[in-house]
Amino acid sequence: MKEITILSGKGGTGKTSITAALASIAKNSVFADNDVDAADLHLIFNPEIKENHIFYGSWVAAIDSELCTNCGICKTHCRFDAIHYKPDGGLEINPFECEGCRLCERVCPAQAIRSEQSTNNNWFVSDTRFGPLVHAKMGAGEDNSGKLVTQVRRKAKEIAKEISADFIVNDGPPGIGCPAIASITGTNAVVLVTEPSKSGFHDAVRLIELVQSFKIPIYALINKYDINPEISNQMATFFKTEGIQLMGKIPFQEEMVEALIERKSIIEYNKDSVVTKILTDLWTELSRVSLGYTYDSRRI
Amino acid sequence: MAFKIAIASGKGGTGKTTVSVNLFSAIYKYWTENVQLFDCDVEEPNDLLFFKDFTVKEERKVFLSVPEIDIDACKFCKKCEEYCEFNAIVVMPKVKYAKVSPDLCHSCGACLVACPHDAIHEKDHAIGSISVNRTKDGGVLKEGNLRVGSPLQTMLIKELKKESQVGQDIVIYDAPPGISCPVVETISDADFVILVTEPTPFGMYDLQLTVDLMREMKKSFAVLVNKAGMGNAELYEYLEREKIKVLGEIPFDKNYAAQYSKGMLLTNIPSHIKQEYLKLVDQIKIISKEHEGDYNS
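Going down the list, the sequences are from chains A and B. For the first sequence, the residue numbers in numbering that gives the first Met the number 0 are 0 to 299. For the second sequence, the residue numbers in numbering that gives the first Met the number 0 are 0 to 296.
Each hint should be verified, as a subset may be incorrect.
[As the list claims (entries may be wrong)] On the chain A side, residues computed to face chain B include the following (Cβ under 8 Å): (1) Leu42; (2) Ser198; (3) Leu209; (4) Glu284.
[What the hints assert, rightly or not] Here are the computed lysine to any residue pairs in the SDA-like style, where the Cα-Cα straight-line distance is at most 20 Å: (5) A:Lys197 to B:Lys160; (6) B:Lys157 to A:Asn93; (7) A:Lys197 to B:Asn254; (8) B:Lys161 to A:Gly185; (9) B:Lys157 to A:Glu96; (10) A:Lys85 to B:Asp188; (11) A:Lys146 to B:Ser100; (12) B:Lys217 to B:Lys244; (13) A:Lys197 to B:Ile268; (14) B:Lys261 to A:Asn232; (15) A:Lys248 to B:Lys261; (16) B:Lys160 to A:Phe79; (17) A:Lys146 to B:Tyr82; (18) B:Lys77 to A:Glu104; (19) B:Lys218 to A:Asn232; (20) A:Lys248 to B:Ala256; (21) A:Lys214 to B:Val147; (22) A:Lys74 to B:Glu84; (23) B:Lys217 to A:Gly138; (24) B:Lys28 to B:Lys278; (25) B:Lys78 to A:Glu104; (26) B:Lys261 to A:Lys85; (27) B:Lys157 to A:His76; (28) A:Lys136 to B:Met216; (29) A:Lys197 to B:Lys253; (30) B:Lys218 to B:Phe191; (31) B:Lys261 to A:Phe237; (32) B:Lys253 to A:Pro228; (33) B:Lys122 to A:Arg78.
[Claimed, not checked] Derived, one-sided and incomplete: chain B residues facing chain A with beta-carbon distance under 10 Å: (34) Ala1; (35) Thr13; (36) Asp211.
Note that these hints are calculated values from the structure, not bench results. Note that CB positions come from ideal geometry on N, CA and C, so glycine has one too.
Using the sequences and the accompanying hints, generate a full structural model.
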């Protein structure tokens with residue numbers, strides 16, 4: 000079984016549309032939406048939810064004003080400036096600033112502070128026309144530390160083992176921070192979906208540096224390549240020097256959005272789309288090669 | 000005090016950066032020179048790419064105090080491991096092993112309090128850098144840049160926002176995508192939030208999530224529709240139903256997308272798009288005045 004993660008660095012380059020298109024080609028696969036912060040894959044997959052689980056998020060502390068003696072010890076210990084004096088003089092914790100370290104709770108001599116884990120995140124196991132999908136919905140303002148991403152991936156792996164799937168396809172998050180790191184560790188290959196803009200290029204370079212630090216092979220796709228053929232060429236040259244295989248250049252097409260509006264993948268919308276051949280080649284390549292990675296246990 | 004505007008969007012790639020840099024440049028040219036842009040998308044900071052000539056006025060590394068365990072003093076009692084809510088400490092008494100993973104540490108200081116043997120001391124660990132840049136026109140752009148491999152983007156944003164805003168009329172925060180912690184940190188002290196969206200099903204779904212966050216945080220906000228003309232009418236129906244103020248629409252234009260890809264600013268964009276930005280500046284003038292009114296009363 001191989002696990003493939005679709006990433007981009009920059010947002011809006013077409014990760015989700017490409018993941019959906021790949022789903023139209025992939026056989027015997029499990030899908031996982033790793034972009035839990037703003038999950039969109041379900042809009043095309045139209046999942047029939049089979050399991051709904053609460054994910055316990057980070058801790059948030061609160062002061063019981065009945066028990067609080069106003070000694071201020073918690074305030075001096077809090078490094079996140081989350082504890083403030085109210086106009087009436089009592090102490091309170093701003094839940095948006097609380098980091099969830101629980102130090103205040105531990106140092107309070109009056110035991111007036113309690114932390115609770117947020118229950119504002121959910122993850123789901125669903126049936127879809129493409130195969131099983133594991134996805135999540137994060138509550139607004141929650142801590143996306145990558146733990147929910149890890150949970151989604153863990154479940155997808157479990158299902159893949161159960162049904163002897165050949166592939167797990169992860170639709171990754173934007174950026175290079177903790178959700179991206181959680182989506183990369185231990186995956187067998189990364190498909191980089193990028194676009195030929197200064198920002199797209201800049202972000203791709205940072206992502207490549209991150210992925211290469213895990214020694215994971217990268218396959219690149221340049222989406223909307225004709226928006227700027229010059230930058231596309233520069234990117235192609237850069238990929239070559241980095242030993243990254245460029246799997247195809249996809250032109251800008253209104254069809255992508257039209258398909259999305261009908262809640263279809265581009266290949267379902269038009270089976271003769273240029274994307275069909277590019278992604279079929281990509282899939283054949285991914286199926287053909289044995290993908291190895293070096294697991295780096297220092298990273299989570 | 001500066002009027003602080005955050006530019007946010009649940010979905011990535013809707014145009015936060017484009018709107019931020021163009022608004023920054025339009026405000027500077029047509030309203031006030033006392034405007035600063037803070038690039039809070041520290042994972043992928045791109046605002047500077049749009050300014051051909053700029054000088055770096057100041058650059059500093061940002062460190063987090065990360066604990067180090069002194070193996071000679073450590074009694075392997077595991078108290079620090081127990082206190083650490085971020086799984087950053089591993090202690091194995093049998094093999095006399097105790098170590099902190101700096102990239103998991105949130106620098107809360109709990110382990111220091113936990114240790115009864117004074118075996119933990121802090122040292123600096125780089126999480127990224129902050130630069131203060133002056134663009135050719137004269138506007139100041141402050142950027143946070145996360146070290147590749149560091150998962151502590153929110154900490155860096157917090158640090159970036161400590162940069163001085165003295166003497167500014169307007170401060171613009173270019174937020175990261177999404178609706179989680181880094182976004183909350185960016186908009187926490189914003190007086191007004193502009194939500195950039197696009198009229199596609201992904202854009203609209205992610206906008207709904209972002210609107211929920213704005214309401215939860217009790218932020219005053221309005222929507223700017225980018226790439227208008229693409230997609231469908233669903234978005235507009237939602238905005239009307241929810242009575243959400245629309246600040247303007249920036250039409251989708253493939254030629255403009257090509258300009259953007261080269262990193263071109265206001266001066267090089269089609270006039271109908273420039274007009275939209277000038278209208279946006281006028282609207283912000285009104286909104287900031289209203290805010291000032293609220294503030295004084």
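Cross-check of the supplied hints:
The interface hint given for Leu42 (chain A) is met, as the beta carbon of that residue sits about 5 Å from the closest beta carbon of chain B, less than 8 Å. With a least beta-carbon distance of about 4 Å to chain B, the hint placing Ser198 (chain A) at the interface is held under the 8 Å criterion. For Leu209 (chain A), the suggested interface contact is upheld, since its CB lies about 5 Å from the closest CB of chain B, less than 8 Å. Using the Cβ-Cβ criterion of 8 Å, the hint placing Glu284 (chain A) at the interface with chain B is not satisfied: the shortest such distance is roughly 26 Å.
About 26 Å separates the Cα atoms of Lys197 (chain A) and Lys160 (chain B), which puts this hinted pair outside 20 Å; it is violated. Simply put, Lys157 (chain B) and Asn93 (chain A) have alpha-carbon atoms about 15 Å apart, close enough for the 20 Å limit, and the pair holds. Annotation: proposed proximity of Lys197 (chain A) to Asn254 (chain B) holds, straight-line Cα distance about 15 Å (limit 20 Å). Our distance criterion of 20 Å between C-alpha atoms is broken by Lys161 (chain B) and Gly185 (chain A), whose separation comes to about 36 Å.
Distance restraint check for Lys157 (chain B) and Glu96 (chain A): the Cα-Cα separation of roughly 10 Å lies within the 20 Å cut-off, and the hinted pair is therefore satisfied. Of the supplied pair hints, the one linking Lys85 (chain A) and Asp188 (chain B) holds, its CA atoms being roughly 18 Å apart against a limit of 20 Å. As the CA atoms of Lys146 (chain A) and Ser100 (chain B) are separated by approximately 16 Å, the hinted pair is consistent with the 20 Å bound. Of the supplied pair hints, the one linking Lys217 (chain B) and Lys244 (chain B) holds, its CA atoms being roughly 15 Å apart against a limit of 20 Å.
For the proposed pair Lys197 (chain A) and Ile268 (chain B), the alpha carbon gap of about 16 Å is at most 20 Å, so the pair holds. Among the hinted pairs, Lys261 (chain B) with Asn232 (chain A) is consistent with the structure: their alpha-carbon atoms are about 13 Å apart, no more than 20 Å. Distance restraint check for Lys248 (chain A) and Lys261 (chain B): the Cα-Cα separation of roughly 18 Å lies within the 20 Å cut-off, and the hinted pair is therefore satisfied. At most 20 Å may separate the alpha-carbon atoms for a hinted pair to count; Lys160 (chain B) and Phe79 (chain A) meet this at roughly 13 Å.
Distance restraint check for Lys146 (chain A) and Tyr82 (chain B): the Cα-Cα separation of roughly 19 Å lies within the 20 Å cut-off, and the hinted pair is therefore satisfied. Taking the CA atoms of Lys77 (chain B) and Glu104 (chain A), the gap is near 19 Å; set against the 20 Å cutoff, the hint holds. Our distance criterion of 20 Å between C-alpha atoms is broken by Lys218 (chain B) and Asn232 (chain A), whose separation comes to about 43 Å. Restraint check: the Cα-Cα separation between Lys248 (chain A) and Ala256 (chain B) comes to about 17 Å, which is no more than 20 Å; the hinted pair holds.
The suggested pairing of Lys214 (chain A) with Val147 (chain B) holds, with an alpha-carbon distance near 15 Å, which does not exceed 20 Å. Taking the CA atoms of Lys74 (chain A) and Glu84 (chain B), the gap is about 19 Å. The hint holds against a cut of 20 Å. Taking the CA atoms of Lys217 (chain B) and Gly138 (chain A), the gap is about 16 Å. The hint holds against a cut of 20 Å. The suggested pairing of Lys28 (chain B) with Lys278 (chain B) holds, with an alpha-carbon distance near 14 Å, which does not exceed 20 Å.
At roughly 15 Å between alpha-carbon atoms, Lys78 (chain B) and Glu104 (chain A) fall within 20 Å of each other, so this suggested pair holds. For the hint linking Lys261 (chain B) to Lys85 (chain A), the alpha-carbon distance of about 50 Å lies beyond 20 Å, and the restraint is violated. Proximity of Lys157 (chain B) to His76 (chain A) is assessed by CA-CA distance (about 18 Å); at most 20 Å being required, the pair is judged to hold. A threshold of 20 Å between alpha carbons decides the hint, and for Lys136 (chain A) with Met216 (chain B) the separation of about 19 Å falls inside it, so the pair holds.
Of the pairs offered as hints, the one joining Lys197 (chain A) and Lys253 (chain B) holds, with about 16 Å between alpha carbons and a cut-off of 20 Å not exceeded. For the hint pairing Lys218 (chain B) with Phe191 (chain B), the CA-to-CA distance comes to about 7 Å; that is within 20 Å, so the pair holds. For the proposed pair Lys261 (chain B) and Phe237 (chain A), the alpha carbon gap of about 17 Å is at most 20 Å, so the pair holds. Between Lys253 (chain B) and Pro228 (chain A) the alpha-carbon distance is near 13 Å, which keeps this suggested pair within the 20 Å criterion.
Between Lys122 (chain B) and Arg78 (chain A), the direct Cα distance comes to roughly 16 Å. Compliance with the 20 Å bound is thereby established for this hinted pair. A distance limit of 10 Å between C-beta atoms decides the matter here; for Ala1 (chain B) the minimum to chain A is near 20 Å, and the interface restraint is violated. At its closest, the beta carbon of Thr13 (chain B) sits 6 Å from a beta carbon of chain A; the interface hint therefore holds under the 10 Å criterion. With a cut of 10 Å, the hint placing Asp211 (chain B) at the interface with chain A holds, because the nearest CB-to-CB distance is about 5 Å.
Hint compliance for this structure: hints 4, 5, 8, 19, 26 and 34 are broken, all remaining hints hold.
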